[in-house]
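Here's the letter readout for the chains.
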Amino acid sequence: MKLLCVKMNQLQVEWDQVPVAYEHLGGRALIAKLLLEEIPPTCDALGPHNKLIFAPGLLGGAGVTTAGRLSVGSKSPLTGGVKETNAGGTAGDTLGKLGIKAIVVEGQPARGNLYLLHIRNESAELLPADELQGLGTYATSDRLQEKYGKDCSVISIGPAGECLMTGAGVATTGERDQRSNHAARGGLGAVMGSKGLKAIVIDKPAGKSIPFADEELFRNTSRAYAQKLINDPKLGTKGSQHLYGTASIVAAVNEMGSMPTRNFSNGNFEQADDLRGEHLRELVLARDGKVGTRCMPGCVIACRNQYVDEKGMPIVGTLQYETIALVGSNLGIGNLDDVARLNYMCNDLGLDTIETGAALGVVMEAGLVQFGDMEGIVSLLRQVEEGTALGRVIGNGAVTAGRVFGIRRVPVALGQAMPGYDPRSLKGNGVTYATSPQGADHTAGNAFGARKEVNPLGIQGQKELSLKLQIISAMLDSTGLCLFARPPVIADPQIMVDMLNGIYGWGWTKDDLDRFNRDVLRNELEFNRRAGITSADYRIPEYMREEPLAPHNAVFDVPDSDLDSVFDTL
Amino acid sequence: MSIDVELFGQLMSNKQRRQTLEIASPTLIREVVNRLGLKEDEIGLITVDGVQSEPEDLICPGSRLCFFPPMSGG
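Residue numbers (the numbering used here), protein chains in the order written: chain A, 1349 to 1918; chain B, 5 to 78.
What the hints contain is simulated information worked out from the structure, not anything from laboratory work. Keep in mind the model is a prediction, meaning the values are calculated, not measured. Treat the hints with care, as some may be off.
Straight line, CA to CA, 20 Å or less: simulated SDA-like cross-link-like pairs of lysine to any residue [unchecked claim]:
1) B/Lys43 with A/Pro1581
2) A/Lys1800 with B/Asp61
3) A/Lys1800 with B/Ile27
4) A/Lys1800 with B/Gly54
Just chain B, with the same shape it has in the complex (with noise of 0.2 Å):
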């Protein structure tokens, strides 16, 4: 039971930008920033299948998750 999980901008720097991690159960995104090695502060956007989500929120096996820096608009 695994996500992917995708890194964009400066947060990708020394870090792999794709990976699949093993998870057993639902588990908290801040747990993945964690594991990760993440700061949440650096964060900006996190999205779980396309939809916004916070570090407090829960993710499923089988979802996709992104970790985007703070972005300004086009």
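One chain only, chain A, in its complex shape (with noise of 0.2 Å):
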């Protein structure tokens, strides 16, 4: 395998051999040791010295389903600490089977001009991109895919990357025609915009495919593995994550009094009804839209829709919790329509629907528009598109918010802003946004899914509980699996083990992949340290520890000398 090396300050592309110290990571981990051994911690993370790079996971390439993501990352300009953040689509898959382990672009150009980065098998080539200045992702996407073949990866920014707002985020393409996957978090489309990087195209390699250590057995895991998804009675196709998505959970989450609910002040959205999942499936075969469709080619799971208008014009890719939760509930929104609209308008600037989803619950807590008031919402989401300064405060995130407008009630962990569960009423979760290297973040430990293992209103077993998940979660993001096809590989880690082997040879055990997992953690961690991040930044909002939440009237109230031990056992 090799790295590609962009160097922006030259305008060079350059193939070097992977480092000897890199050869066993990938996605998540391959990042983590990079900006540790490579980025100057304290660095500027819009500035030359920050390094942006994408990476497949370790699964990349060898056609196991579910596990073509691709990781990006970098220092993060929202947290000040290590990113990494995942998109489905087709890039991943494609850059595994290209043998490369990751694209790594350092420096700036001396101008303020924009560049697009063509990945042509074996030859890459930096060319000029101003044509693309101020275009949305959605018509990046399109205008390259006309110029480069329906069937190449686009991977771009949309005008929120390039004015460097913080709460920008990357897109991917997927097959054919789908859109709508963003590596979303953390603000690293910022970074890419930093680098004067507008889009980077991948053509398809034809016929292309790894090579295998011990072929038999990778085949005889991988194909054990798929069956075992398409067995799981949350997975398969009779699963609620195939027949409503990730939307399935609206219901439970809202009845759990987790749902985040206008600038997270209530757990309990009264609208919630019309936000479901199961209302969302009517509602887009009623339309001649589209469910069970996938992101990654080859999925067995299938969790995202077409949503789609009354006229069975396409909105939005795929509608999903999060945007649901920060867009909608957390808005006033009780409207999947109007969800969908505003997620297609945070996915065509580059936004991250979670930080902007905050950011808008928090200026609209400031009375700039009334909660509910869509037009409203919209109106502030065209600033950002017109580059206003309300438009760029929206567009930098929920803290920058909070510090404009004097508001307090900001939720965000290290600067980031929390998806849509609150942590006063699943405080597992909480325990993760504010401890993990990452911010707040759910997919850096999510613990609704073991809401039978640990009380999610309780205290006692949380931060054991987020340590257990936060290894799985390093794991997954490492090796390019998607979230959701976690099962199998909890319930029987030498799933994992054994596809490893098979591809690369490695002789690797169970304890091998345990500490593959807890190292990634080590290094993220190591990293913000020596980016002067402390445990006084690793906390929850202090109102989320004063101000009980609706319905359950609950407080964040595990003890900080918990959330400061939770690495103890790492």
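With the hints in hand, could you dock these two chains into one complex?
Written out as structure tokens, the structure reads:
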């Protein structure tokens, strides 16, 4: 495998051998190690010394179902620490097939011009892309696929990333005209913008497949793994994840009192009934839209949808739980059509719906627009597009919005907005938000699925649960697996060990895998430590410890001493 | 004396989504499961007034009881 180094200051690309220290790494694990080794931890995240990394997971390109996610990593301009955020689409799998362990973008061009990186088999070149300036991610993807072919993968940023807004993410394309995949979190779209890189185009390699050390072991294990997913009552064709998508949990999270509502001021939204996944399915099918679609070819879970309007015209490629929570209930919006429109606007601007939803919630608490006022929210997002001062405040996320408007209730941890679970009623997630080196992140160790193991409203067992989940997440994000595909590898980690040994011939044991997973977190925590992040930063906002959340009147009361000792047994 | 019951996801199929059931006194949730014709292994989460509960827990008149299928995270 090789590394593709993109030097934006010289506008040159270079193919490098993978250093020995990176050989056993992929995705998030590679990002963590590379940040620690190569990025000055106190550097300006939007300056020339930061690097932006695109890496498939260790399973990328091998053809494992649900394992083609693309990790994007960098020092985050939002948290000031390490960031890995990942997305579906075809780019992760394609990079794996091409034997590219990572694309590492460094430096900055001398002037404010925009560039495009085009990768075609063994060659790569940087091309001027000023004609794409200001284009949204949908138009950028369309235009580049018209030029380079419908089956190429496009990774791009929108105007928000170009303007270095720290709520900006990175968009990827899927098969054919599939859009709306986003490595959304941590402001990495702004890092891409700071490099002057508007997009990456990767031509689909013809008939490429990766070499296997033990193909029989790999094939047998990956087939058995796919079958286990199909047989899983949550994930198979009769499972709620497939039938209703990630929105299958709307009603349950609402019932449990953890649904972010009106800037996280209530855990229960009175219009949640109309935001449920069950309703989404009925609506989409009645309008001849699609449910059970995929973000990655060959995924056996197929939890996406294509959300269409009343006339059957597509609004957004998929409507997902976190977006429904953050730009739906969190803004007092109880209508899926409205949520879908806001989702499209954020996607096209290249904004994270979680960060932006939280920022809008803060601005609405300040009274600029009333909760539930769809037209008011649309006008705020238009200001992001226009680049007005208010638009830039919103595009820079919840912390910036809170500071500008003097709002104390800012739902963030480590500077990053909380996803769709209020931590007062789902305290395990609060521990993860506070302590994850990634900041508040639902993919870093989500306790919702472990609600039977540990009482979501209690204190006991939360820190142990969070650590366990954070270690699992490190494995998923480093191998390119979707987090929904985790049950079989949690139940039997030997499945993951055998797939990796089948590809690479490492002769790993379960202990080796466990060490690998833990090392990801160790490296990330060390980078953050060197970046100046201390235990005082790994905290839940004060108001969440003091203001009870309806309906359970819960506060976040896991003691700081528990937060400080989560990683004692790492 | 009654409880409000609501079913979600696949549990709604061929069943009434919302109903009010008469119960005389505290009743085992398991008995309600049986009255509704649900199978315990098809249930992923039970809540009583928003609090996670188990089939062997009791439910009192005036409560809201919800049944969800097995679910993954968001």
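Taking the hints in turn, this is what the structure says about them:
1. Between B/Lys43 and A/Pro1581, the direct Cα distance comes to roughly 13 Å. Compliance with the 20 Å bound is thereby established for this hinted pair.
2. Using a Cα cut-off of 20 Å, the hinted pair A/Lys1800 and B/Asp61 holds, with the two alpha carbons roughly 14 Å apart.
3. For the suggested pair A/Lys1800 and B/Ile27, the alpha carbons sit about 27 Å apart, so the restraint of at most 20 Å is broken.
4. Simply put, A/Lys1800 and B/Gly54 have alpha-carbon atoms about 14 Å apart, close enough for the 20 Å limit, and the pair holds.
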